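Asks: Fit chain W to the given chain H structure using the hints.
Chains as they are written, first to last, in the numbering used here: chain H, 1 to 109; chain W, 1 to 554.
If you're looking for bench data, these hints aren't it; they were derived computationally from the structure.
Predicted, not measured: the structure shown is a model, and the values here were computed from it.
A virtual CB, placed ideally from N, CA and C, is assigned to each residue, including glycine.
Hints are supplied without guarantee of correctness; some may be wrong.
What follows is a set of in silico ranges between Cβ atoms, one per label pair, in the way DEER data are often shown [stated by the list, open to error]: (1) W/Arg388 with H/Arg94: 24 to 32 Å; (2) H/Gln84 with W/Arg504: 20 to 28 Å; (3) H/Ala50 with W/Gly523: 54 to 62 Å; (4) H/Ala102 with W/Ala485: 54 to 62 Å; (5) H/Ser21 with W/Ile370: 52 to 60 Å; (6) W/Ala405 with H/Ala102: 30 to 38 Å; (7) W/Arg504 with H/Gly22: 31 to 39 Å; (8) W/Thr554 with H/Arg94: 32 to 40 Å; (9) H/Glu108 with W/Gly523: 22 to 30 Å.
Just a sample of chain W residues kept apart from chain H, beta carbon distances all over 12 Å, derived [claimed, not checked]: (10) Arg159; (11) Lys168; (12) Ala202; (13) Glu231; (14) Asp254; (15) Leu272; (16) Leu293; (17) Ala430; (18) Glu441; (19) Thr443; (20) Thr467; (21) Val510; (22) Ser524.
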Amino acid sequence: MAHVESDNGARGTVESAVDASGAPIVKISGEIDISNAEMLGRSLERIVGAGGGPRVVDLAALEFMDSSGIAMLLRAAARVDSVQIRNPSSIVRRIIECTGLAGVLHLES
Amino acid sequence: MVEIDVARDGVGADGPNSAGSGSRSDGRSAVVSERRPGPHRASIVVLAVGLAVTAVLAITARTLQDNNESRLLHQRVSEAAAVLSASIPSLQTPLSSGAVLAEADRADRGAFTSLMAPLTKGSPFVSASVWPAHARDPRPLVVVGANPDLAGRPEPEIRTFLEQTTGKSVVSVLDLLGASPRRLGYAFAVGRGAKYVVYAEAALPQNRRANVDSNVAFSDLDYAIYLGSTENPGRLLASSVVDPRFRGRTDRDDVPFGDQTLRIVMTPRRALGGSLLARLPWLIAGLGTAIALAATLMTERLVRRRAHAEQLALQNARLFSEQRSVAQTLQRCLLPEERPQFPGLDLAVRYVPGVDGVDIGGDWYDVIGIDDRQVMVIVGDVSGRGLRAATAMASLRYAMRAYVAQGDPPAQILAKLSKLINVVRDGHFATVLCGLVDVAEHTVTFANAGHPNPLLIDGDGAAFVNTKVGPPVGIEEASYEAVTAAVPPRATLLAYTDGLYERRGESPDVGLARLRRAAVGNGSLDELLDGMLEVLTPAGCDDDTAILAVRWLT
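Just chain W, with the same shape it has in the complex:
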């Protein structure tokens, strides 16, 4: 019984459509959490798609950034090469001036010295000299500044070098990197017919390092410059770092340098396009992953919530139908058998639950035989619904059986009954119609506690029996007055509860008049009751309805 009440309260409080609250939802979540599901497929799909999109975006950003960096580096290397090639005339111009001078004044020491002296103080040269172009034993004719390293070279090499120089219109560059001090030699002659070759040597930094000032245009790059178009460490001229074997992104360019080539190699120290652009792929990856995870979590929650809601709806539907059948079963158990029998009478009963049918109602009827000619017929209605109303109904019903067994007449039964329940204590009151039928006498003695008057139907039509209506039971100790009505042969008495005629917003008089008009027909008792129910409650009753019909067979 208690279990039924708890379940009923749950459905009553929540209804099948509401989201659930309070202790009910706690109970449900406990049920749901029993089968803890893994992530749903929708969430996995969202996660996969989110991560895939993120990966594609990040890779795209990374590729774009890569291309951009390469392009920027290439641009910077070209700029550096341009700067480098612009510096070459500063070497070639004094040499060509010296060469012209030497041819003109036959290698005059004074003129050459005055030309070269300011240029041999370390920058751009450490030494300048004039050499005969085609001597068998080449020796410098004039030397300004330090002694040329060239003089220490084998004679054939010197001769070959000087002769080659006269065949060129550009500066010949001599690699003296292997020797110490490390120098580069530059030689120039006016042309094929030249008699002299002007030669100068420039010192290279000992450790080949030339730091880049932080404020110059190339401060964001490391570089290495090689003589020749290979990156041979032995021919490294200068570098911004100790070990110029750059890793990572590099770009290179070749610059014509006299009769040789300079190879410039550069690598960026940091992202050339700015740090934000460099971090963009990582930002996209991080943010995208976060968004994908958030979307996954949200999807998971939505899916779970929907699954939960579906489960609740199912559970509610099950509870509802269970409830309905429990209420009806209980009601049937509390009511007497479907078709009471009594000699000389035709008896019929109907019990129609209200449309929702979830709550058990408080309507009842009873037929209690006293002897072979007297029978007590009872119809009652406990206010409200639910298990407490049904309990009150059951106690009233069984109490009445006891009073009938004691031989109490109707008025006395109701008087005793009025003390049995109490609206203040129990929350319910009840209307009861109690009729003592004397089959042979063709009379019924009625006592009425607030109940609608019975209907008497005979060949002439239907009319209400005027009883003395006392207060319902459960309000105060009351006394009741019995009224005895005579019943014509083969007439029918109909007792019922208010569900049969009462409508919202309508006076009971209107409903009772409708009821009286519906009580017609010459058919069997069953046909009469079914016909009335069909006419009066075509869409089912709002309220529970109990009907008891008694027809005299003679």
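Same shape as in the complex, but just chain H:
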């Protein structure tokens, strides 16, 4: 689990977990911006990059994400062909949709 509190106060966490069905997932919570995206991105890639690692990223507890956060998700997605985005907030969902990324970061319905 990576817990990164950046200088300007962005707090973000990346951790591996299991969902209700027992499948492995990655949980991203807090805030992600340019100040902590790189650190969190390394943890995220380590988790999803492992053999048989989770393909589902749960964003239920994600409060804010800027373009650096999206870049972080995109890099992780590129490592494993595709990832499923679970429980995005309506804001994150709209950001992903508006940016034309729905085809890369698959939003679970």
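Replies: This is chain W only, laid out in the frame that chain H set:
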């Protein structure tokens, strides 16, 4: 370029308020140590005050200790004098008894001998005798023990001595110290009418030394006892040392001794008040000096640390402002001229750096003329900030200029662009809106790589142009679909980056709606843009913002 990046990393990692760490602080301490200052004035003051206080305390302790020692010595000398005067009756009593006896039985040998025999075995006397008080030729009438030295004295001296004795009520003491063996003579008569004088002699130790036993009350003192009230070495009776010329602290007292006086002089062998008290001034001096030095060192360190911190703050402030201006200069260099020109169009651009303004951003716009009726307008946004983002932005921008020059249409330009950068490799992706403006046709053909839709403003209000939003460039090789929008006469097209509308914790739809409402007014293009910036980013933008506005003149 590299230097700028290093400096930026330093500020980014440390911030102007933090204490500094890692290689940064190393770099700073090197700068600081260049001018190695001497001790600061505050430290010198602390040292001076500390030492002064220590000196005063030590001197005070020393004075107190001195007074205490003097007082104790005086006390001991008085005690010794009392002991000495208490011993005098032991001489006077047998003499007065002998004198009374001699008067009563006219100097009867037997009675006197039996009285004095036990007292003349060395202590207290070596010799006792009875003398006529007023004889013309004084000779001892009875002698017990050794022969008196008095007998060997000149006749007048003996006579004077005996006659004086009858005039006194105390023991006459005769100084026989010059002779050998050294003796003191004591004489006593019952009074003025006495017929006899009883005389005794006591031997003094040959070397005048009388050691003090270590367990007696005065074992911590050296002493000397003189006959008379002067310290004449010739009249020294006894001393605990060979050379009784004491140095250092002495005290003295006089004790009446028959018709004479004994002078007792004493000096302490060690501190009478105890060794701890004696060492107290030195302890205070040592400890005080140590504390003063420690306080000085601490002050010096604090002062230096503060000076260092002030210097760092100054340095940081300078770096920060330098950084800010470098970032802005670089950004301006990477962006086209302030006011692009194209016939039939009014063009306006704005670039507003984010509030901290330290990092260079990845937002850009471009206006590329193709022929006298077509112009390519571009607004893009590279994710992230910093020199790498700006580098990616520059390469995208110049690549697009090349594709435009080749005559590529917008969708094809973006398709080519999508292969140019890669988020996995470069860490950045970019959203780009690319519009081919046909001035005469009143159309714009848009291709969109993940970018917010442009706003079309005319007399009826503002509306977003629905483009086909494809994925941002840098994610995968993608193809894009172009959409051509018709532009009414004198209408304005507004392309922008997300800094203009995006707020933390707010849906982009809300921000875009606010943006659309703000895009009103019949004034010039500059008035429109300045008014929108004022309404949308009253306290400055969090993020960088680039805006490109195109207005048809007809």
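Asks: Beyond 12 Å from chain H, beta-carbon-wise, is W/Glu441?
Replies: 27 Å, holds
Asks: Minimum Cβ separation between W/Lys168 and chain H greater than 12 Å?
Replies: W/Lys168 clear of chain H: closest Cβ-Cβ about 107 Å, beyond 12 Å.
Asks: Taking 12 Å as the cut and beta carbons as the points, is W/Arg159 off the interface with chain H?
Replies: 117 Å, holds
Asks: Would the non-interface assignment of W/Leu272 survive a Cβ cutoff of 12 Å against chain H?
Replies: About 70 Å separates W/Leu272 from the closest Cβ of chain H, which puts it past 12 Å; holds.
Asks: Within 54 to 62 Å: is that where the Cβ-Cβ distance between H/Ala102 and W/Ala485 falls?
Replies: 23 Å, violated
Asks: Does the claim that W/Val510 lies off the interface hold, with its Cβ farther than 12 Å from every Cβ of chain H?
Replies: Since the minimum Cβ distance to chain H is about 9 Å, W/Val510 lies within 12 Å and the statement is violated.
Asks: Does the Cβ distance between W/Thr554 and H/Arg94 fall inside 32 to 40 Å?
Replies: Hint holds: Cβ distance 37 Å, inside 32 to 40 Å.
Asks: Does W/Glu231 really sit off the interface, with its C-beta more than 12 Å from all C-beta atoms of chain H?
Replies: 86 Å, holds
Asks: Is the Cβ of W/Ala202 more than 12 Å away from each Cβ in chain H?
Replies: 101 Å, holds
Asks: Are all beta-carbon distances from W/Thr467 to chain H longer than 12 Å?
Replies: 10 Å, violated
Asks: Is it the case that W/Asp254 keeps its Cβ farther than 12 Å from each residue Cβ in chain H?
Replies: At about 89 Å from chain H, W/Asp254 clears the 12 Å cut-off, so the statement holds.
Asks: Is the claim that W/Thr443 lies outside the interface with chain H correct, judged by CB distances over 12 Å?
Replies: 23 Å, holds
The structure is inconsistent with the numbered hints 4, 9, 17, 20 and 21, although it conforms to all the rest.
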